[in-house]
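Peer 1: I would like the entire structure built from these sequences, with the hints used as guidance.
So the sequence lines, in the order shown, correspond to chains A and B.
Just so you know, my numbering puts the end of the first sequence at 414, numbered straight through with nothing missing.
Just so you know, my numbering puts the end of the second sequence at 414, numbered straight through with nothing missing.
Do not rely on the hints blindly, as some may be mistaken.
Just so you know, same-sequence chains aren't split out, so a pair can sit in one copy or run between any two.
What the hints assert, rightly or not - Straight-line alpha carbon distances no greater than 25 Å define the calculated BS3-like cross-link-like pairs of lysine-lysine that follow:
id, residue 1, residue 2
1, Lys44, Lys74
2, Lys64, Lys44
3, Lys74, Lys191
It is worth saying that the hints were derived from the structure and are not from the lab.
2 protein chains.
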Amino acid sequence: MPTKSGPSRRRFLTTGLVAGIAATTAKADPITDVQPWAQGLGKGVDERGYGMPSPHESHVLRKSVPWLVAETKSSINFTPLHQLDGIITPNGLAFERHHSGVAEIDPAEYRLMINGLVDRPMVFTLQDLMRFPRHNKVYFLECTANSGMEWRGPQLNGVQFTHGMIHNVMYTGVMLRDVLAEAGIKTEGKWLLAEGADAAGLSRSIPLEKALDDCMIAFKMNGEALRPEQGYPARLVVPGWEGNMWIKWLRRLEVGDQPWHHREETARYTDLLANGASRRFTWVMDAKSVITEPSPQAPVSHGKGPLVITGLAWSGQGVIPRVDVTLDGGINWHKARVDGPSLDKSLHRFYYEFDWDGSPLFLQSRAHDNTGYVQPTKDALRVIRGEVSNYHNNGIQTWAVYSSGEVENVEIS
Amino acid sequence: MPTKSGPSRRRFLTTGLVAGIAATTAKADPITDVQPWAQGLGKGVDERGYGMPSPHESHVLRKSVPWLVAETKSSINFTPLHQLDGIITPNGLAFERHHSGVAEIDPAEYRLMINGLVDRPMVFTLQDLMRFPRHNKVYFLECTANSGMEWRGPQLNGVQFTHGMIHNVMYTGVMLRDVLAEAGIKTEGKWLLAEGADAAGLSRSIPLEKALDDCMIAFKMNGEALRPEQGYPARLVVPGWEGNMWIKWLRRLEVGDQPWHHREETARYTDLLANGASRRFTWVMDAKSVITEPSPQAPVSHGKGPLVITGLAWSGQGVIPRVDVTLDGGINWHKARVDGPSLDKSLHRFYYEFDWDGSPLFLQSRAHDNTGYVQPTKDALRVIRGEVSNYHNNGIQTWAVYSSGEVENVEIS
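Peer 2: And the structure:
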């Protein structure tokens, strides 16, 4: 069994193990040897003007699961969570999911129409939108199908594939309420249809209460323009709610008095229950967490001694005041250290440091959100929603860590 | 003269100007026309695995000033501040400054040595460093020479060139105090020498008090590995202090009882005063701000009416509770809206929205930090430091906005 004393800085600092490792693995003597990169001038400043990662990081990529869908235009690639740290997802590694491929839009020709139950139907250019007061918020975007296949037990051996349909960036945009106010919502307006400019014309019904609360029309992510695959030049931001509602390449907003019952809220993105009925309009992404390292794609390569466990936690309801970690499959839970900015409806980063004695572990994490909700087990979800669900799987994930350091996706009851 | 009523949501929303502009410039009718990008399937998910900006954003680049230095290996390129928003700088656009080019390091061969007045001289691999408890912080890094040429009055017509030697990312790393504790600092240790693995062996003396306070050894920026030009695989983070102390490609930390008086803290990075003496060890970057839009590279292209002024403010002392904006060169100051996370020693984003009547403006911004310090005028700096200084220019910047919408770098007294 693992040492259960929890993270102890004193213990860590007195093991001497770090130095021991270094002394046995260092090939060059940094005192007497001059490393090759210190022997001459390196490359000058980047002349392309847009920098890229080190060639040594060329394995850090969004990846697809080829058998998952028939066609890349309706496919997914996954954020490499096991290789990232902190809470910001770099734009180049933010997962993609399209319904008819990436709409490639000339920003000069971009238009957003507002129609329906409004006083003044309007058409905005991108420049028009940028003249409203701008706001900056870091939000997670999670596909409702994230971890979906895991509903039936372990399917994919890597956190990139089990939990990688999520990203977290700083958006800059304008409040949807400000733009709608310009058109003037009629008294009978209760719902909003948001429609994308892709060939799928992906559309979702959003209650006006949410639209007027914290929704944004974003045109920047992490400081620069939205990436094409994220809806360039403008997308909807629907904080804390399922990702398919964050309409990309936003071209139309219609105000109505009831939902539209379009394809992606009836035939898709509903939750089949055991009794054959389907739940619909299950918008909020509930509290969830996962350990990103160690994980099947990021095994323990340094043997026993000080081990850093890290992961992500999030909730569509708000912030994450607490995350627990277990080393023994839920017999004993330890309070993890949540580190970095704790922002509303944003990823939170947690750590749990301890001395690993090399015995096998069953790692799990469990998020608590500010409403008091605690992330459930997969079994608890199945009791309510049956065995054949898919969306909204926020169950606790288990990784088995073997003495060799290898890690496997498992489920324990 | 501009309207001085300040930002007014009501005024903005009742002008109807946004709709007016849209109605006259829209080429396609989004009601009856189907845009080309909605007529067929777009590209599938990215197969390279690392996404890039839209081709329509290919003008958003780090740029150099060719005549500034003789050689790209000791050169600078500048962050395109006028094209960014929010507070996060995307990694590909974070400015570079090298003294002997980019050291290209194999992370497997990376070593960090700690020597000098320590109980146990040590050598760490990159993996060793990653086994210490990790922390996540967003910090600005500003070159001490940022805005340096402007000391002598307006030189460069663009905020990218006057203020673009700054970036702001989320670092993941370990606390320097934790790593130093592993080696054990002797009682007589008072200073730390940090040395880079580039051919220049760039080195700076840092008082141990700062090193043990908030300094970090970072290995990730905005979630992914440090970029090569930012010190891959590990750099020093010295929050709030001048950028050249944030040693890149960190290879050695030596503990001593006095500063080393190396080249980059004697012959360079000192401030020549009017009386011929030089100030040295002027580490902290004082409170500063600049309007990024409109600015010479980002003129007003939409004519009069609602105008969004935005910019950045920061302080090496802490946070920015307040930014003022003037439209008339300092006769009347208006309180700007600081938006987004307010984090210690991080960039802050501010906005000031108003109705522009088309008359010429003299735009300035003025940052206040949490110590009560207020960003000074350039003239006030010159009174203390003379006419020929260069580093630590945190003076107020002026942009002249003409009725045409064009913007020019000017100075007013």
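Peer 1: Now tell me if each hint is right for this structure.
Peer 2: Verification of the supplied hints:
| no. | hint | result |
| --- | --- | --- |
| 1 | Lys44 / Lys74 | between (38 Å within a copy, 6 Å between copies) |
| 2 | Lys64 / Lys44 | between (30 Å within a copy, 16 Å between copies) |
| 3 | Lys74 / Lys191 | neither (34 Å within a copy, 60 Å between copies) |
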